[in-house]
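Novice: So the chains spell out like this:
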Amino acid sequence: MKIIGIADTTFARYDMGKSAIDQLKSMGTGFKIVRYTVPGIKDLPVASKILFDKYNCDIVIALGMPGGKEIDKMSAHEAAQGLIQVQIMEGKHVLVVFVHEDEAKDEKELAWLADKRAREHAENAYYLIFDPEHLQKYAGKGLRQGFEDVGPVREKY
Amino acid sequence: MKIIGIADTTFARYDMGKSAIDQLKSMGTGFKIVRYTVPGIKDLPVASKILFDKYNCDIVIALGMPGGKEIDKMSAHEAAQGLIQVQIMEGKHVLVVFVHEDEAKDEKELAWLADKRAREHAENAYYLIFDPEHLQKYAGKGLRQGFEDVGPVREKY
Amino acid sequence: MKIIGIADTTFARYDMGKSAIDQLKSMGTGFKIVRYTVPGIKDLPVASKILFDKYNCDIVIALGMPGGKEIDKMSAHEAAQGLIQVQIMEGKHVLVVFVHEDEAKDEKELAWLADKRAREHAENAYYLIFDPEHLQKYAGKGLRQGFEDVGPVREKY
Amino acid sequence: MKIIGIADTTFARYDMGKSAIDQLKSMGTGFKIVRYTVPGIKDLPVASKILFDKYNCDIVIALGMPGGKEIDKMSAHEAAQGLIQVQIMEGKHVLVVFVHEDEAKDEKELAWLADKRAREHAENAYYLIFDPEHLQKYAGKGLRQGFEDVGPVREKY
Amino acid sequence: MKIIGIADTTFARYDMGKSAIDQLKSMGTGFKIVRYTVPGIKDLPVASKILFDKYNCDIVIALGMPGGKEIDKMSAHEAAQGLIQVQIMEGKHVLVVFVHEDEAKDEKELAWLADKRAREHAENAYYLIFDPEHLQKYAGKGLRQGFEDVGPVREKY
Numbered sequence: 001m002k003i004i005g006i007a008d009t010t011f012a013r014y015d016m017g018k019s020a021i022d023q024l025k026s027m028g029t030g031f032k033i034v035r036y037t038v039p040g041i042k043d044l045p046v047a048s049k050i051l052f053d054k055y056n057c058d059i060v061i062a063l064g065m066p067g068g069k070e071i072d073k074m075s076a077h078e079a080a081q082g083l084i085q086v087q088i089m090e091g092k093h094v095l096v097v098f099v100h101e102d103e104a105k106d107e108k109e110l111a112w113l114a115d116k117r118a119r120e121h122a123e124n125a126y127y128l129i130f131d132p133e134h135l136q137k138y139a140g141k142g143l144r145q146g147f148e149d150v151g152p153v154r155e156k157y
Numbered sequence: 001m002k003i004i005g006i007a008d009t010t011f012a013r014y015d016m017g018k019s020a021i022d023q024l025k026s027m028g029t030g031f032k033i034v035r036y037t038v039p040g041i042k043d044l045p046v047a048s049k050i051l052f053d054k055y056n057c058d059i060v061i062a063l064g065m066p067g068g069k070e071i072d073k074m075s076a077h078e079a080a081q082g083l084i085q086v087q088i089m090e091g092k093h094v095l096v097v098f099v100h101e102d103e104a105k106d107e108k109e110l111a112w113l114a115d116k117r118a119r120e121h122a123e124n125a126y127y128l129i130f131d132p133e134h135l136q137k138y139a140g141k142g143l144r145q146g147f148e149d150v151g152p153v154r155e156k157y
Numbered sequence: 001m002k003i004i005g006i007a008d009t010t011f012a013r014y015d016m017g018k019s020a021i022d023q024l025k026s027m028g029t030g031f032k033i034v035r036y037t038v039p040g041i042k043d044l045p046v047a048s049k050i051l052f053d054k055y056n057c058d059i060v061i062a063l064g065m066p067g068g069k070e071i072d073k074m075s076a077h078e079a080a081q082g083l084i085q086v087q088i089m090e091g092k093h094v095l096v097v098f099v100h101e102d103e104a105k106d107e108k109e110l111a112w113l114a115d116k117r118a119r120e121h122a123e124n125a126y127y128l129i130f131d132p133e134h135l136q137k138y139a140g141k142g143l144r145q146g147f148e149d150v151g152p153v154r155e156k157y
Numbered sequence: 001m002k003i004i005g006i007a008d009t010t011f012a013r014y015d016m017g018k019s020a021i022d023q024l025k026s027m028g029t030g031f032k033i034v035r036y037t038v039p040g041i042k043d044l045p046v047a048s049k050i051l052f053d054k055y056n057c058d059i060v061i062a063l064g065m066p067g068g069k070e071i072d073k074m075s076a077h078e079a080a081q082g083l084i085q086v087q088i089m090e091g092k093h094v095l096v097v098f099v100h101e102d103e104a105k106d107e108k109e110l111a112w113l114a115d116k117r118a119r120e121h122a123e124n125a126y127y128l129i130f131d132p133e134h135l136q137k138y139a140g141k142g143l144r145q146g147f148e149d150v151g152p153v154r155e156k157y
Numbered sequence: 001m002k003i004i005g006i007a008d009t010t011f012a013r014y015d016m017g018k019s020a021i022d023q024l025k026s027m028g029t030g031f032k033i034v035r036y037t038v039p040g041i042k043d044l045p046v047a048s049k050i051l052f053d054k055y056n057c058d059i060v061i062a063l064g065m066p067g068g069k070e071i072d073k074m075s076a077h078e079a080a081q082g083l084i085q086v087q088i089m090e091g092k093h094v095l096v097v098f099v100h101e102d103e104a105k106d107e108k109e110l111a112w113l114a115d116k117r118a119r120e121h122a123e124n125a126y127y128l129i130f131d132p133e134h135l136q137k138y139a140g141k142g143l144r145q146g147f148e149d150v151g152p153v154r155e156k157y
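Protein chains in written order, with the numbering used here: chain U, 1 to 157; chain H, 1 to 157; chain L, 1 to 157; chain S, 1 to 157; chain E, 1 to 157.
Careful: at least some of the hints might be erroneous.
Copies of the same chain look alike in the list, so a pair counts if it works inside one copy or between any two.
[What the hints assert, rightly or not] Using 30 Å as the maximum straight-line C-alpha spacing, the simulated DSBU-like pairs for lysine-lysine come out as follows:
| # | residue 1 | residue 2 |
| --- | --- | --- |
| 1 | Lys108 | Lys141 |
| 2 | Lys116 | Lys73 |
| 3 | Lys105 | Lys54 |
| 4 | Lys2 | Lys69 |
| 5 | Lys69 | Lys54 |
| 6 | Lys2 | Lys141 |
| 7 | Lys2 | Lys73 |
By construction, these hints were calculated from the structure, which means they are not laboratory data.
Start from the sequences, fold in the hints, and give me the full structure.
Specialist: Have a look at this one:
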């Protein structure tokens, strides 16, 4: 039985944790989900650490929605660095699902993007723990989570 | 008996530590507070480390007020990175309460913001140690500490 | 028997992992290749850590293709910092092969650059594990991976 | 008997180490000073580490004077990050006393600022090891080291 | 017998490693030199780690020549952070000798600067291991490696 951690925030304006959990449940069985909600993205590194150490998670999905101001970009950067550190301390993946408020043109698109990106990263998380060689088939294929895949470059040279 | 650490600075222009302590005391009992004041925000990471290691704190609230200049932004960034590192070394939360001097339009608003943000993060700290599942109810709800909550996105799609 | 790890992404728009593997195989024998594909560049640090710890790799080649936007530059920076940390934790090289989408004038050149840089770093990886003194002959020679070598400065002084 | 480390540089244009030592000696007894001079600010993190590990210092005062160019700002940032890391590795304070060349309007003011800031941080260091609760009285009081204190905000709300 | 490590790159356009070695040999005896050449500056942190751990170096001189583009500045920053981390992990100095291509007005000056800075840092390395108190005489004296020393500030106040 694998354990998947969901770390999310009260700062985010969309319940991405719910989307991720819903997607995971649609993909199969053989895992248990532990959810841990913290105030903001800068709390996600320690939330992930706690999910690994106290809840024995095999992988964590960390979801956050930084605002559009300069200070929010900096927070996202600081959180991302911390999340990479946790991963290399643990030797386990944290899939970081950040949706920047200014990526979408309006609230409707923001909700759509947050839901879709959370789901597509939930799929990635599922494959990384149950079938790690699955992603190899898509190496270099220009996949994106949320907006449409851009695909591989056209070469012909 | 839980121990809550308060790390604050002589650089800040508002006694946010006092606000946080006042708020904590209004919320319940079953905890002891240890306060540790240092010169500036860059001293907060080690102050938090000492609060965990020497004073056995279960959580720390780190409060600071960076100035509005470029060099102060950089100090805030360096402090924030260090505070994330301490958290993942300890597996315990440090709630970082920074109020940037240029977030407020005048000194009166600055004082109001510093007090309010300190209190709202003190609440978060209280829940994280006594009722960690409480915050889950607010996941994705667009909460803010200090200024008004922005709320979740309006979807309808 | 040496083990060479290949960490690459589904985000990249060219299969650089394949180029690196092809190049390695053309250079000699005495090694085994383990490939690990992850979603994006920020997953490369933990992928490299796993390749060292679980697959006993002696060296890793980490390949990624950050996009041209500001946020992609930041991701590349965060990934690079994490990849340096993994190396100093392990005392082993990770050759970081990043091709920024905006380095090339069109998709054809991008494909050419991705292939060439991956191959030239695969060569470097080969030398670093089988003949570490080889590179010393080229110290200060202005070598580049991908675009043409710029060569040493012309002095005469 | 406490041991206070002084880490300073040959790059700085004012002998801030001397100011710090002079100030410390004027404040009391019960401590020994160990001084370690390195080339530049980026050497201060390891200098501080050595002062803790080899010379058993209880606290370190790290003094440097970054130049006014972009590259100097980056060096100061890198040094500051390293100095925070040393502190959290050791659980001991390093008071970082940086005077940026462009903080002062001329060389006379630069010398005055370097001397004053070094002395005021030496005082902080003294209190942190001999009377750690002393600073609590000044929490939120808007203290500055070097230029005049800005004081707490005027509230009345 | 002390061991001095030289870590340099094939990316650099001047053989700074040679300058450093030449200078060291002119200064005295009682040491052995180990040289390790890697592709680029981002490989210098692990090269230094290997020089300490596998070759038992007492100090390392890390030499690199970042290009003038934004991406090269970022690489230099990432390398510098990693080199500071290695130092504090080991408690030993790595003297970082970076010559930015855009520091010099032409190739002739670039060669001159690279040679001179490498030599002056080789001197610093020599003193740090054989006579660590030597540098104290120059504390706050405004020394520079490469271009002319700027000297201490003129005070008179």
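Novice: Work down the list of hints and note, for each, if the structure agrees.
Specialist: Hint check results:
When the C-alpha separation of lysine 108 and lysine 141 is checked against a cutoff of 30 Å, the pair qualifies both within a copy, at 28 Å, and between copies, at 15 Å. When the C-alpha separation of lysine 116 and lysine 73 is checked against a cutoff of 30 Å, the pair qualifies both within a copy, at 21 Å, and between copies, at 23 Å. Neither within a single protomer nor between protomers do lysine 105 and lysine 54 lie at most 30 Å apart by alpha-carbon distance, with minima of 39 Å and 43 Å respectively. Taking identical chains as interchangeable, the C-alpha atoms of lysine 2 and lysine 69 are never at most 30 Å apart, the minima being 38 Å within one chain and 36 Å between chains.
Proximity of lysine 69 to lysine 54 under the C-alpha cut-off of 30 Å is found in neither arrangement, the shortest distances being 34 Å within a copy and 37 Å between copies. In this homomeric assembly, lysine 2 and lysine 141 come within 30 Å of each other (Cα to Cα) both inside a single copy, at 28 Å, and across copies, at 29 Å. Taking the shortest Cα distances, lysine 2 and lysine 73 never come within 30 Å of each other, neither inside one copy (33 Å) nor across copies (34 Å).
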